[in-house]
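Going down the list, the protein sequences come from chains A and B.
Note that my numbering gives residue 130 to position 130 of the first sequence, counting from 1, and the numbers run on in steps of one.
Note that my numbering gives residue 25 to position 25 of the second sequence, counting from 1, and the numbers run on in steps of one.
Mixed in with the good hints there might be a few duds.
Partial list, computed: chain A residues near chain B (C-beta under 8 Å) [unchecked claim]:
hint: 1; residue: 50
hint: 2; residue: 57
hint: 3; residue: 58
hint: 4; residue: 62
hint: 5; residue: 79
hint: 6; residue: 80
hint: 7; residue: 91
hint: 8; residue: 111
hint: 9; residue: 112
hint: 10; residue: 124
hint: 11; residue: 125
Calculated from the structure, these hints are not laboratory results.
Even for Gly, the Cβ is constructed at its ideal location relative to N, Cα and C.
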Amino acid sequence: MRQEWERQQQLQQRLEHGIQEHIPEVRLQGAAAPRLPNTTNVAFAGVEGEALMMSLDLHGVALSTGSACSSGSLEPSHVLCAMGVPAAYLHGALRCSLGRVTTLADIDYVLEILPGIVQQARALAPSLMS
Amino acid sequence: VQYSDIVQEHFEHPRNVGVIASADAEAVVSNPACGDVMQLSLRIANDRITDAKFKTMGCPAAIAAGSVLTELLIGHSVEEALKLTRVEVNTALGGLSPQKVHTSVLAEDAVRAALKKYRQR
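Full structure from sequences and hints, please.
Okay, here's the thing in structure tokens:
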């Protein structure tokens, strides 16, 4: 159990450091807080989480978003709101879950494709704005 | 959320992405609740829309709605474009689920806002 905890924690750190290193304007929610090693909530400014989720899905990566349009409600996550997450990030959240079957290669694959997916989604967004 | 094949196809290959430089009509509209923002710009000659480009920050349906909107507008007169509604956008997308119908409303808002400004010039 402890061994698996530590293994997932290492994967989580690799994922989070990789995202921060390769993608500008990201927020890792609760990064400094004690938390589970298998869940990362990361938000990207100026994009919508569900669009990222669908692009990742097309690349064979399954994850979720707590964001607006993916659930019955249009409103952003009340938890992220309560945490004081800035407005630009509120709709761009992804929830990445690791598990026993997640490997280092899986993490590296996500780090390989995610920067391009975020960049593409940002290129589609109106530049802010007159 | 289930999407039609048409929505998926427009999401993967959006048409007419961008902003027309010194456009004849343009608008940026948004839905504050879900955070979607759509920008539409039009080239108009002799009261006919000769080019349309869009940008969207939003979910896959909102991106597809902007993309299909440009296709519905190009080649049509301003008069015809003013009659375009969310219903035609929804139909052109192969039918949106109830929780995504608001993206077709955003597309209608965009064309109305752009053409309102155009008429007021």
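Verification of the hints:
1. 50: At 4 Å from the nearest chain B Cβ, residue 50 of chain A passes the 8 Å test, so the hint holds.
2. 57: Hint on residue 57 of chain A: violated, closest Cβ of chain B at ~10 Å, above 8 Å.
3. 58: holds (7 Å)
4. 62: Check failed: Cβ of residue 62 of chain A comes no nearer than 14 Å to chain B, outside 8 Å.
5. 79: Since chain B brings no Cβ nearer than about 16 Å to residue 79 of chain A, farther than 8 Å, the hint is violated.
6. 80: With a minimum Cβ separation of about 12 Å from chain B (threshold 8 Å), the hint on residue 80 of chain A is violated.
7. 91: At about 4 Å, which falls below the 8 Å cut-off, the nearest Cβ of chain B leaves the hint on residue 91 of chain A intact, so it holds.
8. 111: violated (22 Å)
9. 112: violated (19 Å)
10. 124: Residue 124 of chain A check passes; min Cβ-Cβ to chain B is 6 Å, inside 8 Å.
11. 125: Residue 125 of chain A check passes; min Cβ-Cβ to chain B is 4 Å, inside 8 Å.
Checked against the numbered hints given earlier, this structure breaks hints 2, 4, 5, 6, 8, 9; the rest are met.
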